[in-house]
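In order, the protein sequence lines correspond to chains A and B.
Yeah, the first sequence ends on 313 if you go by my numbering, and it's all consecutive.
Yeah, the second sequence ends on 892 if you go by my numbering, and it's all consecutive.
Everything labelled a hint here was simulated from the structure, so no lab data went into it.
Careful, some of the hints might be misleading.
Unchecked claim - Chain A residues, not near chain B, derived (Cβ > 12 Å throughout): (1) A21; (2) L24; (3) T29; (4) I68; (5) L75; (6) V78; (7) D91; (8) Q96; (9) L141; (10) I147; (11) D210; (12) P244; (13) L265; (14) R276; (15) T289.
Unchecked claim - Far from chain B, some chain A residues (derived; all Cβ distances over 10 Å): (16) G90; (17) G132; (18) F164; (19) W174; (20) Q209.
Unchecked claim - Rough simulated footprint, nothing fancy, chain B against chain A, three-plus residues with beta-carbon under 8 Å: (21) 191 to 199; (22) 221 to 228; (23) 266 to 272.
Model, not experiment: these values are computed from the prediction.
In this text, a Cβ means the ideal position worked out from N, Cα and C, and glycines have one as well.
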Amino acid sequence: MIGFMFRRLLWMAVTLWVVFTISFFLMRSVPGGPFDRERALEPEIKKNIEKRYNLDKPLIQQYFIELGNVCRGDLGYSFRLGDYTVNQVIAEGLPISVALGVLALIFATSLGLIAGVTSAVFRGTWTDVTLMLIATLGIALPNFVIAGICIILFVFKLPIFPAGGWGDFNQLLLPAFCLGAPYAAYVARIARTSMLDVLSQDHIRTARAKGVGPVRVVIVHALRGALLPVVSFLGPAVAGILTGSLVVEQIFAIPGLGSHFVQAALQRDYTLAMGLVLLYTVLLYVMNWIVDLSYAVLDPRVELE
Amino acid sequence: MPTNRRSIIAWLLLLGVGAGIAWSLVGSDLPKADFTFINPSEVKSVDPALITGQPEGRIASAIFEGLLRYHPETLDPIPGVAERWEISDDGLVYTFYLRDNAKWSDGTPLTAHDFHYSMRRFLDPRTAAEYAYQAWYLKNARRYSQGGSGIEPGDAVEIELNLPVDAVNTKRGEVLLAKLVRVEERGEDERTFIVQLGDEEVAFCPTDDKTAATSEPPKDCRWCRQVLLDFREVGYEVVDDRTLRLTLEHPTPFFLGLLAFYPFSPVNQACLEKHGSPTWTDDEHIVTNGPYYMEFRRIRDRIRLKKNEHHWDRDNVKLDVIDALSIESITTGLNLFMTGEVDWITEVPPPAMRVLLKEQPPRDDLNPQPFLSSYFFYFNTKRKPLDDIRVRKALSLALNREEITKRLLPGGDLPSYSLVPPGIPGYTQQKCAPEDPDEARRLLAEAGYPEGRGFPRIDILYNSHESHQAIAELMRKQWQRELGISVRTRNEEWASYLASLQQQQFNIARRGWIADYNDPNTFIDMFLSDGEQNNTGWANAEYDKLVKGSSYELDPEKRLRMLEQAERILMDELPILPVYSYVSKNMVKPHVRGFYNNSRDDHAVWSLWIDPDYKGPNEFLRGRE
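Chain A with its partners taken away, still in its complex shape:
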């Protein structure tokens, strides 16, 4: 187990290095630099700025300087948000994205489970068909479409939520719902399948034969077993939700990592974009790692090699 963790850590370092190298050269190979703007800079002044950010040095030298800095955990100053270091930007943005993600996850699991279990219990009825139709739609519709529909419904037609922004709980609900909706749909489908599986098993029949009420059978006896596949889906989903909030954050003007990422890429903010790419790599890696570990904990048949 220890050996497994250690190996994973090593692989993470290698992956980070590869991601760093690829992003570094990709970013610099697109035409146009971070200091191009409508007003051409005086050559002397441009040289000065470039010197400050080491852009006057040969590419390979820039690469090693930056690699060294990144290894020390120093991601440097953001090119575009000149008053902040990349670490500060991440420190401000990450909690916001996490808060949004957690709420989205709550929506995803609670809505998904309720829908999945209900349609399993009422299998073959109109309820089942309707719920699964909604779930399929939820998977098929990209979240910016869902966001648009939600804004029309709950901001303009029925004004109960603000149109965007950040700072109070009310502003969080709508984006969290839109972010969580596709995941809720997945959860619903997974929960339905596993619930059907469990409901047809012997111990449920036994419980029913002993006269246990239908609600108790579903919630106490069946749900536990049906939860396992859902839990194993949630691991990668967390990573997906944290990294997948780009669009939703833009639409609802939420100052999380997603909006930073989009703007950093558009504005050639090399340092910030690099910092976020590396952060996302770590997030994905850690989430997968936790999922692997939790498999071992949940299911004794899995051995970590």
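Got chain A; can you put chain B on it based on the hints?
Here is chain B on its own, set in the frame of chain A:
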């Protein structure tokens, strides 16, 4: 698996969820601001010397104040920190008298020395201020800001010595005053400066602090940070604590207007040297002198401004708390405006604009008005077939600008036949010929392409944006229809597009320009043959002579005539293709007072106030048909 282990996982999960929700609730309970507006992009910085954009300017002109500021309606320069000034008869020497009660936001007095410190810092090549050239109208300012390249043997120079590596980065090293004897090239890109220091000749090698601390200088040489012109040579001197004297290179009629521009704001030396750059701009450190100070700043969320109780004009500043939300998406901005969350937005998505303008009765929060700006296309006059003036004329004559503005620009932007937009008092626009497809076909045939036969494949370059794309497509169709030529469109994302312009990798490319000050010069000097904005490859000696001559002309009438003649040349030779001039696209709530449509779409927040009971049309709606 054992039950207790599973329940631990469940509990951990629940705990995590709880913690997450608690976390998300932190930051709520923010009291609502008196006035909220949307700044359509996150500001790059709030350091007035380092910023160039419009969103940055809105914040900087609220928290800083220069010698002068702009009148909110006319944008004429009005007294700021300076209460009065005198201009010499030759238009070269400006003397400013500062107010006694000018103070920083920490209560300390603001003096002429602060302005001197700030101007020197602004021009210092190490500051790398992008707008430094705006100060080049000051005598020798250009040479100072060019550092080692701006000095010649015989000049009085200052040598800044190195500081230890861990010194605060805004501190200046010790400064030695000397006379430059000669400059020697040393290796690639490096120079040795030999100066007369006292009685002896000393050689100085500029380097960074790290090298200076760790390695020995070359033989017979001393390390220094930089060698530049003696700042006393620059036309910016302190007469006494309350008086500044500025000397210009040549009479500059718009100079007062420039001084009100935010890069000329003073910064607080004590604050800078205590915290270093950029840390001094943190909300807990920053000391400013404007009508507002920055209470806090959250990245890509908001900047909260609070009234500065030390400001000399505090009795006339009416709003106490202002929120500037940084929201990039203009649709989201419109949603927030429509739901009453914000009081002012600067942009409206075109499809929404079309609907909003059609509403009856007309909306009381929308009033697009023209301002000094120009949307045009560059012709690359170095490439065939656009090097032929007849081809350029044919393309202009075949263009139906009315169709473009009517169909694609719902805000009511105006078709334009000149570079300089209408609205500059005393100036007569010089226009190119209006639409005439027959003449266009004749010219094209004369140039060797009858009915478009044999016309090379050229493209229209624009930066990726829906509205630019629509315009380029319509131009393509019009040219196809009228001239029978086929043109392609090509879009590039902003940074690549700028690079293509600068390397002249285009045939026809779109461009937009907004006046920096209320004078035709801000448009016309773009096309000097050495102008940094002149990416057309076009050069005209007569044009250069007129434009440069106009900056020495003291008679304002004659000066404008010279600029008119220059624009005439431009419109006869057509290295550019004017298409339209913009209208502003602000939406302002009816209860906001003191907001004016003005000639540069530049709006200060210090002059605004809120009047919830006000029923009549506010100042913003003036001039509406």
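Hints, one by one, checked against the model:
1. Every beta carbon of chain B lies more than 12 Å from that of A21 of chain A, the smallest distance being close to 26 Å; the non-interface claim holds.
2. Even its closest Cβ contact with chain B, about 24 Å, leaves L24 of chain A beyond 12 Å, as expected for a residue assigned away from the interface.
3. The Cβ of T29 of chain A sits about 22 Å from the closest Cβ of chain B, beyond the 12 Å cut-off, so the non-interface label holds.
4. Residue-level check passed: I68 of chain A sits 17 Å from the nearest beta carbon of chain B, beyond 12 Å.
5. The beta carbon of L75 of chain A sits about 19 Å from the closest Cβ of chain B, which is more than 12 Å, so the claim that it is off the interface holds.
6. Every CB of chain B is more than 12 Å from the CB of V78 of chain A (nearest about 19 Å), matching its label as outside the interface.
7. Its beta-carbon lying about 4 Å from the closest one in chain B, D91 of chain A breaks the requirement of being farther than 12 Å from that chain.
8. Taking the minimum C-beta to C-beta distance to chain B, about 8 Å, the non-interface status of Q96 of chain A is violated against the 12 Å cut.
9. Distance check on L141 of chain A: its Cβ is at least 29 Å (rounded) from any Cβ of chain B, clearing the 12 Å threshold; non-interface status holds.
10. Every CB of chain B lies more than 12 Å from the CB of I147 of chain A, the least distance being 24 Å, so the non-interface label holds.
11. No Cβ of chain B comes within 12 Å of the Cβ of D210 of chain A; the nearest lies about 20 Å off, and the non-interface call holds.
12. Every Cβ of chain B is farther than 12 Å from the Cβ of P244 of chain A; the closest lies at roughly 16 Å, confirming the non-interface assignment.
13. The non-interface label for L265 of chain A is inconsistent with chain B: the shortest C-beta to C-beta separation is roughly 10 Å, within 12 Å.
14. Separation of R276 of chain A from chain B is inadequate, the least Cβ-Cβ distance of about 5 Å not exceeding the 12 Å criterion.
15. Non-interface status of T289 of chain A relative to chain B is upheld: no Cβ of that chain comes within 12 Å, the nearest being about 22 Å off.
16. Remark: the non-interface label on G90 of chain A conflicts with the geometry, its nearest Cβ contact in chain B lying 4 Å away (cut-off 10 Å).
17. Consistency note on G132 of chain A: stated as away from chain B, and its beta-carbon is indeed over 10 Å from all of that chain's, at 32 Å minimum.
18. Distance check on F164 of chain A: its Cβ comes as close as 7 Å (rounded) to a Cβ of chain B, failing to clear the 10 Å threshold; non-interface status is violated.
19. With a minimum CB-CB distance of about 5 Å to chain B, W174 of chain A fails to clear the 10 Å threshold, and the non-interface call is violated.
20. Listed as a non-interface residue, Q209 of chain A keeps its Cβ farther than 10 Å from every Cβ of chain B; the least gap is roughly 18 Å.
21. Given a C-beta distance limit of less than 8 Å, the hint that chain B covers the stretch 191 to 199 of chain A is violated, as 0 residues qualify and 3 are needed.
22. With 0 residues bearing a CB less than 8 Å from a CB of chain B, the stretch 221 to 228 of chain A misses the requirement of three and the coverage assertion fails.
23. With 3 residues having a beta carbon nearer than 8 Å to a beta carbon of chain B, the stretch 266 to 272 of chain A meets the requirement of three or more and the stated coverage holds.
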